[in-house]
Amino acid sequence: QKEVEQNSGPLSVPEGAIASLNCTYSDRGSQSFFWYRQYSGKSPELIMFIYSNGDKEDGRFTAQLNKASQYVSLLIRDSQPSDSATYLCAVNNNNDMRFGAGTRLTVKP
Amino acid sequence: EPEVTQTPSHQVTQMGQEVILRCVPISNHLYFYWYRQILGQKVEFLVSFYNNEISEKSEIFDDQFSVERPDGSNFTLKIRSTKLEDSAMYFCASRTYFSVGADTQYFGPGTRLTVL
Numbered sequence: 001q002k003e004v005e006q007n008s009g010p011l012s013v014p015e016g017a018i019a020s021l022n023c024t025y026s027d028r029g030s031q032s033f034f035w036y037r038q039y040s041g042k043s044p045e046l047i048m049f050i051y052s053n054g055d056k057e058d059g060r061f062t063a064q065l066n067k068a069s070q071y072v073s074l075l076i077r078d079s080q081p082s083d084s085a086t087y088l089c090a091v092n093n094n095n096d097m098r099f100g101a102g103t104r105l106t107v108k109p
Numbered sequence: 110e111p112e113v114t115q116t117p118s119h120q121v122t123q124m125g126q127e128v129i130l131r132c133v134p135i136s137n138h139l140y141f142y143w144y145r146q147i148l149g150q151k152v153e154f155l156v157s158f159y160n161n162e163i164s165e166k167s168e169i170f171d172d173q174f175s176v177e178r179p180d181g182s183n184f185t186l187k188i189r190s191t192k193l194e195d196s197a198m199y200f201c202a203s204r205t206y207f208s209v210g211a212d213t214q215y216f217g218p219g220t221r222l223t224v225l
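Chains A and B supply the protein sequences, listed in that same order. So the first sequence is residues 1 to 109, counted in the numbering used here. So the second sequence is residues 110 to 225, counted in the numbering used here.
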């Protein structure tokens, strides 16, 4: 069974703070890792992807991957109220991508 | 910017009826996917499709489901005999080609299926 686990939240941070989102996965053959953002009633929107161990930064977002620990995280710096959404971790092996249940983030002004 | 489109945005059907959900992937993309999301639950992988055949499918994708690329642009999901539990948002996604580092999937806006 290919499982992707996330804390469901809600995670609440004040505006300007760092939000930290975590994800673990069970399939050791997983090759690529994604963070999507989903607003209520909308489709997933890609935030970042990462393939190699370590950190990857893109603007206010940093993804971290540790394949040995089967762990992926997303840091959002200088959080804004518009960042309030559900963040989905997705893990891909060949052509089979599995999602976590998502972490609901609320950024309070 | 090119995007994945889906029709209809909302489909209401009676239990036992057949439905076809339609998707137009991004034009130069080669891999196509269907996912579903039951209200309040996680996005679930159904099936991936490449070169006119199924590449991977999940345990959810049983005999009542089928996929087809009837022409050069459309990608369809057929549910043969709908059940109440098929009520969900169905997302189509596509990507360019398969290699680690270039396998980002882009999602369509979804079709909300309601089975009565």
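Calculated directly from the structure, the hints in this document are not laboratory data. Any given hint could turn out to be false.
[Stated by the list, open to error] Computed cross-link-like contacts, DSBU-like style, restricted to lysine-lysine with a CA-CA straight-line distance of at most 30 Å:
hint, chain 1, residue 1, chain 2, residue 2
1, A, K108, A, K2
2, B, K187, A, K108
3, B, K192, A, K56
4, B, K192, A, K42
5, A, K67, B, K192
6, B, K192, B, K166
7, A, K2, B, K151
8, A, K2, B, K187
9, A, K67, B, K151
10, A, K56, A, K2
11, B, K192, A, K2
12, B, K151, B, K192
13, B, K166, A, K42
14, B, K166, A, K67
15, A, K2, B, K166
16, B, K187, B, K151
17, A, K56, A, K67
18, A, K2, A, K42
As the structure is a computational prediction, the values presented were derived from the model and not from experiment.
Original post:
Is the Cα-Cα distance between K192(B) and K42(A) 30 Å or less?
Top reply: 23 Å, holds
Original post:
Keeping to a limit of 30 Å between CA atoms, is the pair of K67(A) and K192(B) held or broken?
Top reply: Violated - the C-alpha atoms of K192(B) and K67(A) are around 39 Å apart, more than 30 Å.
**OP:** Would you mind confirming whether the straight-line C-alpha gap from K192(B) to K2(A) stays at or under 30 Å?
**Re:** 26 Å, holds
Original post:
Taking 30 Å as the top limit, are the C-alpha atoms of K56(A) and K2(A) close enough?
Top reply: Satisfied, since the Cα-Cα distance of roughly 25 Å is no more than 30 Å.
Original post:
For the pair supplied as a hint, K192(B) and K166(B), is the alpha-carbon distance within the 30 Å limit?
Top reply: 20 Å, holds
Subject >> Hint consistency between K2(A) and K187(B) [alpha-carbon to alpha-carbon, up to 30 Å] >> reply: Holds. K2(A) to K187(B) sits at ~25 Å (cutoff 30 Å).
Subject >> Straight-line alpha-carbon gap K151(B) to K192(B), limit 30 Å >> reply: 19 Å, holds
Original post:
Has the given pair, K2(A) with K151(B), been kept, meaning a C-alpha gap of at most 30 Å?
Top reply: Measuring from Cα to Cα gives roughly 14 Å; hence the hint holds.
Subject >> Holds or violated: K108(A) to K2(A), with C-alpha atoms at most 30 Å apart >> reply: 34 Å, violated
**OP:** Below or equal to 30 Å on CA atoms is what counts here, so check K67(A) against K151(B).
**Re:** Holds, at roughly 23 Å.
Original post:
Has the given pair, K187(B) with K108(A), been kept, meaning a C-alpha gap of at most 30 Å?
Top reply: Violated, at about 43 Å.
Subject >> 30 Å limit on alpha-carbon distance, applied to hinted pair K166(B) and K42(A) >> reply: 24 Å, holds
Checked against the numbered hints above, the structure violates hints 1, 2, 3 and 5; every other hint is satisfied.
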